[in-house]
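Student: Those protein sequence lines, which keep their order, are chains A and B.
So the first sequence is numbered by this note's numbering: it starts at 1 and just counts up by one.
So the second sequence is numbered by this note's numbering: it starts at 1001 and just counts up by one.
It is worth saying that the hints were derived from the structure and are not from the lab.
Ideal placement from N, C-alpha and C gives every residue a C-beta, glycine not left out.
Treat the hints with care, as some may be off.
As the list claims (entries may be wrong) - With a Cα cut of at most 25 Å, we get these calculated SDA-like pairs of lysine to any residue:
id: 1; chain 1: A; residue 1: Lys-202; chain 2: B; residue 2: Arg-1299
id: 2; chain 1: A; residue 1: Lys-201; chain 2: B; residue 2: Phe-1315
id: 3; chain 1: A; residue 1: Lys-392; chain 2: B; residue 2: Arg-1299
id: 4; chain 1: B; residue 1: Lys-1141; chain 2: A; residue 2: Arg-475
id: 5; chain 1: A; residue 1: Lys-392; chain 2: B; residue 2: Leu-1312
id: 6; chain 1: B; residue 1: Lys-1231; chain 2: B; residue 2: Thr-1254
id: 7; chain 1: A; residue 1: Lys-392; chain 2: B; residue 2: Arg-1303
id: 8; chain 1: B; residue 1: Lys-1141; chain 2: A; residue 2: Lys-202
id: 9; chain 1: A; residue 1: Lys-202; chain 2: B; residue 2: Thr-1254
id: 10; chain 1: A; residue 1: Lys-392; chain 2: B; residue 2: Glu-1302
id: 11; chain 1: A; residue 1: Lys-201; chain 2: B; residue 2: Lys-1231
Stated by the list, open to error - In silico contact screen, one side only, chain B against chain A (beta carbon under 10 Å); selected entries:
id: 12; residue: Leu-1045
id: 13; residue: Ala-1052
id: 14; residue: Tyr-1075
id: 15; residue: Gly-1082
id: 16; residue: Phe-1085
id: 17; residue: Glu-1089
id: 18; residue: Thr-1140
id: 19; residue: Gln-1143
id: 20; residue: Gly-1151
id: 21; residue: Ser-1154
id: 22; residue: Thr-1157
id: 23; residue: Pro-1319
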Amino acid sequence: MTDTLTREPIRSPVSSKEAVALDEHIIEVISDSGEGAQRCGQSLGAIAAKSGNGIWTVEIIPAEIQPPARSVAGASGVRIRIGRQRVTNGGDETDLVVAFNEQVLLGRVRAGEFEPGATILLESMWAEHGDPKIAAAYTETVDGLVDAGYRVIEVPLETECRKLVPDPRRGKNMFVLGMLCNLYSFDLRLAREQIGITFGKKEESVIRQNVELLDAGWEWAEEHLDLRYEIPAERAREPQIVVNGNTALALGILASGMDICAMYPITPATSASHYLSEMFERVGGIVHQAEDEIAACSFAIGASYAGKCAVTITSGPGYSLKQEAIGLASMAEIPLVVVNVQRGGPSTGQPTKVEQGDLLAAVFGSHGDAPKVVMAPSSIEDCFYSVITARKIAESFNIPVIVLSDASLATAQQPFPRPMFSEDWLAPPVDQAPVPDGVRPYEWDPVTGISRRFVPGQPGGMHTLTGLAHDRESRVAYDATSNEEGLRHRSLKLVALQKTLRPPPVFGDPEGDMLVVGWGSTMGVIEEAVTRLRGEGHRVSSMHLRFLQPMPPGIKEILQGFRKVMTVECAWSDRLDDELVDEDNRRYSPLALMLRSRYLVDVDCWSEARGQPIKPGTVCDAVRQRLEHEEGLR
Amino acid sequence: MTIPVTQCLIGLHEVHHSLEDYQGGVPRWCNGCGDNAILTAVQRLCRDEDLAPERTVFVSGIGCSSRFPHYMSTYGFHGIHGRAFPVAEGVKMARPDLHVFVNTGDGDCCSIGAAHWIHAVRYNMNLTVLLHDNYVYGLTKKQVSPTSPKGMRSNTTPRGSDLEALNPISVTLGIQNVSFVAQAADWIPELLYDIVAAAYRHKGFSFIRIIQRCPEFLPKMLEPWLQDPSKTVILTHENGLRLSGEMSRIYKNTREHDPLDIDRAREIASEPDVIPVGILYRNPAVPCYEELRGAGQARPAERIRAGFEAELDTFTIWPDDGGEVEAAAVA
Chain A
1 MTDTLTREPI
11 RSPVSSKEAV
21 ALDEHIIEVI
31 SDSGEGAQRC
41 GQSLGAIAAK
51 SGNGIWTVEI
61 IPAEIQPPAR
71 SVAGASGVRI
81 RIGRQRVTNG
91 GDETDLVVAF
101 NEQVLLGRVR
111 AGEFEPGATI
121 LLESMWAEHG
131 DPKIAAAYTE
141 TVDGLVDAGY
151 RVIEVPLETE
161 CRKLVPDPRR
171 GKNMFVLGML
181 CNLYSFDLRL
191 AREQIGITFG
201 KKEESVIRQN
211 VELLDAGWEW
221 AEEHLDLRYE
231 IPAERAREPQ
241 IVVNGNTALA
251 LGILASGMDI
261 CAMYPITPAT
271 SASHYLSEMF
281 ERVGGIVHQA
291 EDEIAACSFA
301 IGASYAGKCA
311 VTITSGPGYS
321 LKQEAIGLAS
331 MAEIPLVVVN
341 VQRGGPSTGQ
351 PTKVEQGDLL
361 AAVFGSHGDA
371 PKVVMAPSSI
381 EDCFYSVITA
391 RKIAESFNIP
401 VIVLSDASLA
411 TAQQPFPRPM
421 FSEDWLAPPV
431 DQAPVPDGVR
441 PYEWDPVTGI
451 SRRFVPGQPG
461 GMHTLTGLAH
471 DRESRVAYDA
481 TSNEEGLRHR
491 SLKLVALQKT
501 LRPPPVFGDP
511 EGDMLVVGWG
521 STMGVIEEAV
531 TRLRGEGHRV
541 SSMHLRFLQP
551 MPPGIKEILQ
561 GFRKVMTVEC
571 AWSDRLDDEL
581 VDEDNRRYSP
591 LALMLRSRYL
601 VDVDCWSEAR
611 GQPIKPGTVC
621 DAVRQRLEHE
631 EGLR
Chain B
1001 MTIPVTQCLI
1011 GLHEVHHSLE
1021 DYQGGVPRWC
1031 NGCGDNAILT
1041 AVQRLCRDED
1051 LAPERTVFVS
1061 GIGCSSRFPH
1071 YMSTYGFHGI
1081 HGRAFPVAEG
1091 VKMARPDLHV
1101 FVNTGDGDCC
1111 SIGAAHWIHA
1121 VRYNMNLTVL
1131 LHDNYVYGLT
1141 KKQVSPTSPK
1151 GMRSNTTPRG
1161 SDLEALNPIS
1171 VTLGIQNVSF
1181 VAQAADWIPE
1191 LLYDIVAAAY
1201 RHKGFSFIRI
1211 IQRCPEFLPK
1221 MLEPWLQDPS
1231 KTVILTHENG
1241 LRLSGEMSRI
1251 YKNTREHDPL
1261 DIDRAREIAS
1271 EPDVIPVGIL
1281 YRNPAVPCYE
1291 ELRGAGQARP
1301 AERIRAGFEA
1311 ELDTFTIWPD
1321 DGGEVEAAAV
1331 A
């Protein structure tokens, strides 16, 4: 800990204001890009987590690095949901907002992100801005917000911070953090400690200045704001770690024993590789930034072929480019882990926004019949464990394993129990033992389709691996029998894996009026919605799939326990109220399509692709509406 | 000279390989295809260098030339079109102990895989690269290639191609970190062998463009060079190729060229209508990417565990965190 934090008498100032106890609150801090709202929000999340609260943070990211100042599209910041207990998703509308200018609020207001009557703490400097247009825009917006029913509190951030630092643009965020600590009754000592962590690499004077700003923010809020809340925490007994999904993925890669990652920069996947690069510098391992996505995948395949299973990390457009190489891994039976942190598509789509649009590309992508395993983590914790499982499956079945995360998991933070390291997670050393006489490179097991792979360096195992159709000797074979033998055994591996999976648990009763089915990042949202709906008396349950290919056993029986089955997905599906859309031509969302075709059950779907995580309240509305519609039909 | 008995006994236990130890399937290339000469030169090299077949990997893309690994009895990786370089790089990064060769064609390397080619030169990994350049797409039945001479008629250029040919050696010589560039011709097997051997012995990305005949689709194209050895310029140097007496009687058009001289190498590579054969450039001082990255280092489980725990420590909230802050305050 730094000198500043230990030398000064550390005491937490005591507020004299009465605190209102809350179960949860959603707070948003937004600014122009580069003003530090993200750092402020992430710090608040960390402080809340350290206080024992449940948290879920969602980053608000502009697509450009330096969007114009005071622009609607330039809003940058964080949304933090703080609860008494574990929080599994970003929740509904925001209760309290801190904004560094009025323009960054507009997009959020238009998108309906704020709770009616929400409190808005707004930087007031713009009212007296030298440019009359800016001053007018500010006044007009404030009036509009007040008319719309929001409680706008103007805060002289600039003026207050200028008392302490010459350039308030680089200090307001810690002043705001101090304000928020006062408003939410957080221990200021935790905040100071957080500053020590955040600015740990900087000079002592930087830390001192930020602590002064923090304290000043607290004092200002104590004196000028009549609000004070408290979200009593129920602390976990076990140690917890707080990371976002991409950090969890990178930790999973380390814990899985994989030591080569080949990647090409792409939003929103890249931060996983950033952290992995940093970690590998300390622990050993190589992150290779390849010349393109195809090279990254091919490099990982080459490394896997000659050694331990390797990994490549990408997002949608990069995933499309890798498809041919993934097919090669499938055909030649080379273990490979491909992480796809999905973003909005198609094409370049919405790079920083969430969507679950790549499911079908993952399951069916690559030409011909190219079996691969597709998994989807359903929480931050799952991001960590999925990679370990993916590596194991890839090497046990000599098959590519696709891990579908998304932009929502990538940047969201949520505490989870600190993993207990196990050597079983690690890849075994590369097999260099001689291959017994007579054993062939593709000695497919007739039941499971699995064969033992030969790695260069193994005497007696020499063969040429090929992406062409081949026989058990790995010789190019165009005859009908060899071709079907290869296809059959590669396909059997998925069946064999399926036999090892457990039926997914049902959240709620095993029977009822509706089963909501989801996959990936939406688990927390769906389960929260189901809890609320059940609280209202609806007979609704949910099921969440972590394995999409192969799908675990027992699903058909689960589906049959409900009058209606509906998927909830963050992807596109045709809307039945569009004039030409009917049951015949409707394009279903990806999971619904897969469930319909596999289980012959009339699975309905509800989906949205707004680029934002789905809100539990929205799911509730959708389910209620469909239930009413069903009721009307009966 | 007599050999001590002990040395003879030691010799008995050493495994030596013969040509047969490297011969795989029967080549399915056309009669007269230049690939056969390349295969022979490489098999000879493997024998002469006594490469353990299980520690040798031939990586290829797609095309006639890329069938090469199937005709070796080492490990082979016959992958996808244009991607032999990144696959070979992955192999080498995971296993720097292996001897890794790349077989690629003019379409595979200079067209669909061109981006990888440029970056492979830059990475300068210790790979021996054989560019089988026959100026035409053979496997797909005669289409124009990036190295086809302007005006070449093919199935996609019935009136003759419109573009100037790409020159693989001048391109390679223009890339940062280039460390070895040579040119050979399939119809001069002695020199082909010498060049392949020099490439293998160079530590780094050893790029050989091998000009080869395609008797099926371009039967006449290289005829003038075959008929008249003086049309071929042989680059010789005490640090490069040295011609045997017999060879120097046939190939009289020789030129002294120091392989350390990159400027001269670029000039030679750019001369129109000249086929230089020999080592254009060799710089053993260029570092290899796999060494810069510390490839092949063992990472024991204990190190992973310790590293992992240390990472987790930075993200952990301990149940008694509040207490720790108190303690720090007192201290």
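Student: Check each numbered hint from earlier against the structure, then list the numbers of those it violates in ascending order.
Tutor: 1, 8, 9, 11, 12, 18, 19, 20, 21 and 22
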